[in-house]
Amino acid sequence: MNSKLDKIPAVKLVSWKMKIYIAIFILVVFLLFGMVILYLIMSSSTSNDMIGEHLEQKENQGTTDMYISRGVAPEVTRYESFFKEYTKKYGIEEHTDVVMAIAMQESGGRYLDVMQSSESLGLARNTLTDPEKSIDQGVKYFSNVLEQAGGDIELALQAYNMGHGFIDYAQIYNNGKYSQELALDFSNYMARKLGWANYGDPNYVQNVMRYLEQGDSVATSNGDWAFPLREIRITSEFGERTHPITGEINSFHGGLDFGCTPQDDILAVANGDVVEAVRSNVGYGNYVTVKHGESEFSRYAHMTSFSVSVGDKVSRGESLGKCGTTGSSTGNHLHLEHLTKLGQPHSKKVNPKKTLGLE
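Be aware that the sequence shown starts at 13, since it is given in this note's numbering, and climbs by one per residue.
Since the hints were derived computationally from the structure, they do not count as laboratory data.
Nothing here was measured: the structure is a model prediction, and the numbers come from that model.
Where hints are given, some of them may not hold.
Pair ranges (Cβ atoms, derived) [as the list claims (entries may be wrong)]:
| no. | residue 1 | residue 2 | range |
| --- | --- | --- | --- |
| 1 | G46 | K100 | 18 to 28 Å |
| 2 | S327 | K100 | 21 to 31 Å |
| 3 | L44 | K100 | 54 to 64 Å |
| 4 | G369 | E193 | 23 to 33 Å |
| 5 | K325 | Q183 | 54 to 64 Å |
| 6 | H255 | H176 | 19 to 29 Å |
| 7 | W208 | D109 | 28 to 38 Å |
Where is the CB? At the ideal position from N, CA and C, for every residue including glycine.
Make a model of the complete structure from these sequences and hints.
Here it is as structure tokens:
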């Protein structure tokens, strides 16, 4: 009898030990499980970071200002097989160059949404992160507006930028024909309607077509100043105009605008000293001012970059930097001014056309 009673505490002791062992085992299992989960999370995070870095490197890989045929950058031509594939798919093979020029204007090939076509799907800009999908959608959308425009390239290009509504607007107010004035009218109309500061790019057709233009000859001036670009194409005159961004009527344009691409060097119009070399995101954007005499200055605005500094002496025809669209600008161009003193009001400046011998 006593021997049975003596065994009871031992059984209970073993039972408690088993419970402790089981609890420890379960705890160890949970710890190991937690470590595995933590490892997987960290691995996933690292992988995502590496993917992000890879995408960023891929996006910026080989970025250069050098261009090849048709004025289109290598960043765009590297996708040429996609452009050919999808223009063939949507039946507009003959317009492959036009589509590549659109991509050049939209992104320069520097963004994964090459044709900035996310918005045509009702998505936020740059939502598409696969260049092939961007090109597929962009070509599809352009083929649609081209068909709606009856094959009119200029009308279709402006509609690619401003939407199908521009074609309807052209049918109502201009017999279905494109004009730059009509694009500006539609831009102002839509901006007022939506309560926006501006809508689209009224100069979109010109900005795209410049990438399709060829010519190796250097333009020469008959005026006191040399031309600031190898090729001259005036896109906006000196004097009163409707402001392309604010829509202000009779806004005084104190310079002369020339179409150019980021490939193009901006050239000094005469010998002189650099008195301003300013980097900015507003107004003139990045600009350089050169003093040629006591009351003669030239100013070059909206550059992507400049290669001179204040105090540098420059020679006629020397490169000051690259064409761009920095500051208050609707597309790549050079804004050239002729000032007789710094800080001069726009209306008091000299029309560069006179100095360049273009009048």
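Hints, verified against the model:
no.	hint	verdict
1	G46 x K100: 18 to 28 Å	54 Å, violated
2	S327 x K100: 21 to 31 Å	49 Å, violated
3	L44 x K100: 54 to 64 Å	56 Å, holds
4	G369 x E193: 23 to 33 Å	28 Å, holds
5	K325 x Q183: 54 to 64 Å	56 Å, holds
6	H255 x H176: 19 to 29 Å	26 Å, holds
7	W208 x D109: 28 to 38 Å	32 Å, holds
Going through the hint list in order, the structure does not satisfy hints 1 and 2.
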